[in-house]
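Trainee: Starting from the given sequences, assemble the full structure and let the hints guide the process.
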Amino acid sequence: MLLIFVLSSISRYPEILPWIFSLDKFIHTIEYYILGYLLMRVFVTSPRSVFTGAPAVFAIVFGTLYAISDEWHQSFVPGRCASIYDVLFDILGVVLAAVTYRLVRRRVAWIRAVEDRIEGG
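According to the numbering used here, the sequence shown is numbered sequentially starting from 15.
Worth flagging that the hints you see were computed from the coordinates, not collected in a lab. Take the hints with a grain of salt, since some may be wrong.
As the list claims (entries may be wrong) - Restraint ranges, calculated between C-beta atoms of paired labels, are given here:
hint, residue 1, residue 2, range
1, V56, R126, 16 to 24 Å
2, L117, M15, 22 to 30 Å
3, R62, I82, 32 to 40 Å
4, R131, D38, 43 to 51 Å
5, R131, I41, 39 to 47 Å
6, C95, I125, 41 to 49 Å
Glycine included, C-beta positions come from ideal geometry on N, C-alpha and C.
Mentor: Now the structure itself:
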């Protein structure tokens, strides 16, 4: 989160390829995918029972709130502006991370169950 905050504080990025709109959105998605994955790890492994019920919901809500606050922060940085599209791509990254994390955990659990059945056999 600190890295996202620092990058948001930079007044202006060098315009190497200003015509590539999708590159910016891709970077937003990847950045928040990583944040979403880390949030899932926190909420899934948390000993607090409040998070064990729906860690994906907590990760998505927290990631969304952070994305909104990040864009609000950018609105105060000279040369930068807030964008609802950036927030939407940030949310997409967090949602993709939550879904991927859950699918991978299910697959790993299934593989372990199969291995246990084979070994117990």
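Trainee: Take the hints in turn and mark each one as holding or not.
Mentor: These are the hints, each one checked on the structure:
In this structure the supplied range 16 to 24 Å holds for V56 paired with R126, their Cβ-Cβ distance being about 23 Å. For the pair L117 and M15, the beta carbons lie near 24 Å from each other, so the given range of 22 to 30 Å is met. Distance hint for R62 and I82: a CB-CB separation of about 24 Å, inconsistent with the stated range 32 to 40 Å. The beta-carbon spacing between R131 and D38, approximately 48 Å, falls within the hinted interval of 43 to 51 Å.
Checked against the given bound of 39 to 47 Å, the beta carbons of R131 and I41, roughly 44 Å apart, stay inside it. Separation of C95 from I125 is about 47 Å and conforms to the stated range, judged on CB atoms against 41 to 49 Å.
The earlier numbered hint that this structure contradicts is number 3, and it is the only one.
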